[in-house]
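K.L.:
Using the hints provided, position chain B relative to the given structure of chain A.
Spelled out from the first residue to the last, the chains are:
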Amino acid sequence: MDLGLTERVALVTASSRGLGLACAEALAGEGAHVAVTGRSADRVHMVANQIREITGVEVLGLPGDITDPDEPARVVEATAAHFGRLDVLVANAGGPPAARALEVTDEQVNEAVNANLLTTIRLIRAAIPHLAASDQARICAITSSSVLQPIPMLALSNLARVGLWGWAKTAAQDLLPQGITLNLACPGLHATDRVKNLGMSGPAGDPGDFGRAVAFLCSSSASFITGTTMLIDGGSTLGL
Amino acid sequence: MVCNRPATSVPTALDAAHRGDPARAVELLLSDAASYITGVTVPVDGGWFAT
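Which chain is which? The protein sequence lines are A and B, in order. Here the numbering used here is used: the first residue of the first sequence is 1, the next is one more, and so on. Here the numbering used here is used: the first residue of the second sequence is 1001, the next is one more, and so on.
Treat the hints with care, since some could be wrong.
Partial pick of chain A residues on the chain B-facing surface, computed with a CB cut under 7 Å [what the hints assert, rightly or not]:
1) L176
2) F216
3) F224
4) G234
Stretches of chain B that chain A covers, calculated by requiring three or more beta carbons in the stretch to come under 8 Å of a beta carbon on chain A [said to hold, decoys possible]:
5) 1024-1030
6) 1036-1048
Hints are computed from structural coordinates only; laboratory data are not their basis. Beta carbons are placed, not taken as given, at the ideal position from N, Cα and C, and that holds for glycine.
This is chain A alone, in the form it adopts within the complex (with noise of 0.2 Å):
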């Protein structure tokens, strides 16, 4: 399947490990060029030299904490004027601490929020400029299967992916004149250190089969894809 990504430009961020990780090797397969980033200035230099070796493309590290208000905008710009466009972003940000529902604090809400809703708001905020100069622009936030099905001990990820949802499925519509599409890739468990780290088990998903479809979401075949929530969860979800 030609996905139509060869010499695109994609960034994809908290991209140096994980579901992020998977994306930008997933994209970078397919013949586009790649910025990275990720907290570790060593992981994501390390990251970017291996999908450049093994791919290929160009391959852009910008180490920084996508959290930081500033950062969104700091590496949108960062990659439009390495590559000179921008076509594909790819949204994402490492998840809250598990915690219950009736456990959270206000500053663990303000976090999660910050985390998981405003710093997507940010990039693609940031991204639209540049985005609406593409022919293939294309925006997928990786989020959760949790905005369909909430996960009991992870509140603060369930309550900031839903209001992340909302935000998107109406920004879609505002997006539409420029032809730029917007979606949501919800992943269920994967193989991940995250998932490892907070102790979840069950049957997994290969992160690198949910890299491809999200490299798809931002595929030329998917140019009539847009304001939807893509569950890649090996059927787990249970609801309509």
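P.N.:
Here is chain B on its own, set in the frame of chain A:
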């Protein structure tokens, strides 16, 4: 399940070249990358659905 909408019902200008053609979208659901995607509905409707 892939849900598409007739092209004439779409009121916007989203990529007219592919309106109403779900065939390319189906490619993902039939690919090996879809090993962990099941039981889902994927609207291929240019954002037509309001829900």
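K.L.:
Decide, hint by hint, whether the structure agrees.
P.N.:
Now for the hints, and whether the structure bears them out:
1. L176: Result: holds, 4 Å to nearest chain B Cβ.
2. F216: Constraint on F216 (chain A) satisfied, holds at 4 Å.
3. F224: Holds, about 5 Å.
4. G234: holds, 5 Å
5. 1024-1030: Holds: 4 residues of the segment 1024-1030 of chain B have a Cβ under 8 Å from chain A.
6. 1036-1048: Result for this restraint: holds, n = 11.
Consistency note: the structure conflicts with none of the earlier hints.
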